[in-house]
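**Q** Sequence:
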Amino acid sequence: MPRKARRDADPKVSYFITFLRVVEEGSFRKAARKLGLSPVAVMNHVRALEDYFKVKLLKPKGGRLTPEGEEVYRVLKEVVGKLNLLKGLIPEVEEEYRFTLKVYTAETPMEYLLPCFLVRFREFNPGADFQIDVGSMEDVKKAVLERWADIGLVMAPSEFRDSFREFEMIRILNDRLVAVVSPLHRISKEEFVSLNTLIKYPLILDKPGSDNRMFVDELFKKNMIDYDSLKVKLVLRGSTVIMTAVSQGLGVSILPEMPTRKWVKAGLVKTIPLRCEEVTLSLLQLKAKNVWTDILKSFWSYTRWFVETYGENPPCVQRFTPI
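Just so you know, we're using the numbering used here here: the sequence shown kicks off at 21 and counts up by one.
Label pairs and their calculated CB-CB ranges:
| id | residue 1 | residue 2 | range |
| --- | --- | --- | --- |
| 1 | 203 | 73 | 33 to 41 Å |
| 2 | 118 | 212 | 48 to 56 Å |
| 3 | 156 | 249 | 23 to 31 Å |
| 4 | 67 | 206 | 47 to 55 Å |
| 5 | 73 | 328 | 17 to 25 Å |
| 6 | 257 | 103 | 35 to 43 Å |
| 7 | 49 | 76 | 17 to 25 Å |
| 8 | 135 | 247 | 28 to 36 Å |
| 9 | 297 | 268 | 29 to 37 Å |
| 10 | 203 | 149 | 35 to 43 Å |
| 11 | 314 | 268 | 47 to 55 Å |
Derived from the structure by calculation, the hints contain no laboratory data.
All C-beta atoms in this analysis are idealised placements derived from N, C-alpha and C, irrespective of residue type, glycine included.
Given these sequences and hints, build the entire structure.
**A** The structure is reproduced here in structure tokens:
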């Protein structure tokens, strides 16, 4: 008897789906209508999860998530997403079948997203190998159009979107430029900093031709700032090297916010929103139009799942440790 009681207490996947629907619809009644269940059945599913996890998932009034519920929701959303993805991917890849996906990426996606992005794809496709090349945004576009690469990844200012009309695209996430300073810098406690104030301090910039320099060039152009008026102390290559220099108090910089998150979390740098005419950045996945293979279909489906599951907060940018 005790074994049977324990087995019955294990939640079903359908309970996970019910809980996710309740959170997304904001009420038991609306969730019940969408799922074709009675409100009582929906409440019982959620209660079974609360019994299993031994925490309250929803607040008594308003149906909002408790802090514990937020964590359970985040994990269950990923679990259900992976299960749904597996339904579509497993039949396409035989156990002994190996294939190579050719990826051409710009610098910014390579620095902080690509490694764990591809590792997670391999979780569903153990036979996957990757051929990765890194270049400029124009290099990526050319490689995809001329079929040197199956997939391209670029980070581009929104003003550049028209230049991608020849491609099919998935927007993976948006980003913005922020001021990056040492935690000991005099402006590190500010909620915002104007661009005109920031450029009065010694600047650390990326090299001409890099992604980061392209973003900053666009920002300065939008805000009519002349390079001759800047106090450029160092010109380095890559976000990691720049943040190391900033953390050592050698100057301030302007970078996309996503790559800085784990550095901020570790207390090595501080980021401050800029008060100016902003430049919105989009991380885009590209492929040539009207070109589909089984590998491309699998990777395209995977990317859509990744976006739906993680939104603007992918795990790749949250930590230094391996996934």
